[in-house]
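Novice: Each chain is listed here by its residues.
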Amino acid sequence: EPEVTQTPSHQVTQMGQEVILRCVPISNHLYFYWYRQILGQKVEFLVSFYNNEISEKSEIFDDQFSVERPDGSNFTLKIRSTKLEDSAMYFCASRNPDRANTEAFFGQGTRLTVV
Amino acid sequence: GQNIDQPTEMTATEGAIVQINCTYQTSGFNGLFWYQQHAGEAPTFLSYNVLDGLEEKGRFSSFLSRSKGYSYLLLKELQMKDSASYLCAVRAQPAAGNKLTFGGGTRVLVKP
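Protein chains in written order, with the numbering used here: chain A, 23 to 137; chain B, 236 to 347.
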C-alpha cells in the first residue's frame, strides 16, 4: 500500500540552527501539507502546497519557515533558525484531489528536538 | 475562527461500545474526518462525513448533524488495540488548500 515517508524520524538540533525535514508524498497525490504536534497538544496546520506554490498557510508558518518541492518526489520543510518552541512532531501529508473529498494520508512524522 | 471540542479522555472495557462526541463551530464546512492516533505515531484515517447521517465501516461508525455542528464516532466490540487517541477534524470552506482543523483528541483507554 502506498504511503507517505518522512526522514529523519528524529532530529536533535541546537537553537538557531537550520533544519530541513524531508517527505516523499504518495506518488499520484497533488496536494501536500505540513502539520505539527507539540507534545500533548493538538495537531496544527502549518502549510498546504499545490501546483508548485503555497495555497494556504497558518499564522505559525512565519518567515522562518519555507517549503519546497525540489524535484518530482520530495517535499521539504525548512526552519531557518530554530527556536526551543519549534520542538514538536512534524507530519507531512498528501491528498489526491482527483477523487472528491478524499482524506489526507499522513507520514510517520519527524520528531524535532531543539536544545 | 474554528473551534472543535471533544472530551479529553474516556475509559471502556474490552468488548464494550464507546461513543466519542465532537462539536464544532467553523467558518464554513466541507466535511468532518475522524482519525486514530497511537502514541508517537501518525494519524490514520478512520471515517469521513459530509452529509447528515451515519456512515458505518466495520466496527467503527460515524454520525454527523450539520445543523447542530455535531458528530460522534462509535467504536463497537472494543479491542485492546483500540486504545489510542481519536481526532476529530473539520475541513472548512473556503480553503484553497483544503486544510484540516483538528480537535484536541480523545484518548480512549480500553481495559480488559
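Warning: the hint list may mix true and false statements.
[Claimed, not checked] Only some residues are given here: those of chain A computed to face chain B with a beta carbon under 7 Å: (1) Gly-62; (2) Ser-70; (3) Ser-77; (4) Phe-83; (5) Asp-85; (6) Arg-102; (7) Phe-113; (8) Glu-125; (9) Gln-130.
Derived from the structure by calculation, the hints contain no laboratory data.
Don't be surprised by glycine CBs; every beta carbon is placed ideally from N, CA and C.
Novice: Please name the hints from earlier in the document that this structure breaks, with their numbers sorted from lowest to highest.
Specialist: Structure breaks hints 1, 4, 5, 6.
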